[in-house]
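Asker: Following the hints, position chain B against chain A.
Chains as they are written, first to last, in our numbering: chain A, 1 to 189; chain B, 1 to 177.
Hints in this document: simulated from the structure, not taken from any laboratory. Quick caveat: nothing in here was measured; it's all calculated off a predicted structure. For glycine and all other residues, C-beta sits at the position ideal for the given N, C-alpha and C. Check each hint, because a few of them may be wrong.
Stated by the list, open to error - Taking CB as the label site, the calculated pair distances span:
{"#": "1", "chain 1": "B", "residue 1": "157", "chain 2": "A", "residue 2": "75", "range": "47 to 53 Å"}
{"#": "2", "chain 1": "B", "residue 1": "71", "chain 2": "A", "residue 2": "171", "range": "42 to 48 Å"}
{"#": "3", "chain 1": "A", "residue 1": "141", "chain 2": "B", "residue 2": "121", "range": "41 to 47 Å"}
{"#": "4", "chain 1": "B", "residue 1": "37", "chain 2": "A", "residue 2": "186", "range": "44 to 50 Å"}
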Amino acid sequence: MLRFLASILALTIWSATALAEPVSYRLDAARSVVGYEVGFGDDLIRGQIPVAAADVTLDFRSNANSSVSVTLNAAGATSSFPFAEQALKGPKVLATGQFPTMTFRSSTLRIGTTTAEVDGQVTIRGVTRPVRLQAQVFRQRGTDAGDLSKMSVHLTGALNRSDFGATGWSDMVSDRVVIKVVARLDRVE
Amino acid sequence: MMRNTEARFGIVTRSIHWISAVLVIGMLGFGTYIARMEVDMSNFHLFGWHKSFGLVALTLVILRVLWHRLSPPPGPMPSGPAWQDRLAKGTHLALYLLLLAVPLTGWIASAATGIDVVVFESWTLPRIAPVSEGWETAFFAAHGVLTKLLAALILLHVAGAFHRRDGTLRRMLRGRA
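So that you can see chain A by itself, here it is in the shape it has in the complex (with noise of 0.2 Å):
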């Protein structure tokens, strides 16, 4: 999700030489990675979530019609040893059982230079919540500047799990998540 997010600040935050009419870019999940960081005592566990499906619109006259949608793959997801892994697809974390994606679709952007926050609304365990990323965009490397073809969008966020019900291991691991997310994106021609 973070990655469309990022998509729509790269092309805003260089709008002033980009395209007159709504682009689309493709994420490309090969290259890009979902990653999340949770505090466990004095330790850090970090793991990845694949992304399963994304839609990325940009308009860069306007930003009301730019869009992200992205849909997370949270069965997939990995973790920095076997038993956090298996406690954060359980019951009491992302109950991919009976919750086997999550989503975020974007609602507003702000634009700076380089950089952007961006709202939207993830929804995990069936519970929506509002989230706040904040983004940096960078051209990818081998491109031309101004080169709007490719891009890396840096995103970064975070969350209370317990917002959504996800409040399993909560006197082990801490309830903040930090979101770090890298997206690269490919304009469909």
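Answerer: For chain B alone, kept in the frame of chain A given last:
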């Protein structure tokens, strides 16, 4: 002598008894420690060792019951007052039940979390309970309560052994009174 007789405990029964005693008393302290520690990557493996030694304790009590079917232990020394004999008999029965119930409730509760129960960092035990927060809560609560009851009965058992002057303790140490 391996087998029990009408007058003495054989080496098998005595070995299982004392190994179990050390293991169970150690586990009481170990379990209390891990229940109170702040968990992180450096100590998470202690839960695995708790489960591993718990499985050993469960195995020992099952072996003991089976062995006593094959080689019945001697009866209690008949020197105490009748109420003390009844108390000792009831305590022994309760100890056996708790030595089975405490590890089993821990195993069931762990299985109900949905996380594999891995012992000795190698073997995954069968999932003997459905993944259920209700089961997990109920059986961890039972595990805690039964553990405290076991600790109390062990104290009573030890106190009884020292209280009796009829050779009961000596018989478990040396085989005969």
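Asker: Against this structure, judge whether each hint is valid.
Answerer: Here is what the structure says about each hint:
no.: 1; hint: 157/B <-> 75/A: 47 to 53 Å; result: 50 Å, holds
no.: 2; hint: 71/B <-> 171/A: 42 to 48 Å; result: 46 Å, holds
no.: 3; hint: 141/A <-> 121/B: 41 to 47 Å; result: 42 Å, holds
no.: 4; hint: 37/B <-> 186/A: 44 to 50 Å; result: 49 Å, holds
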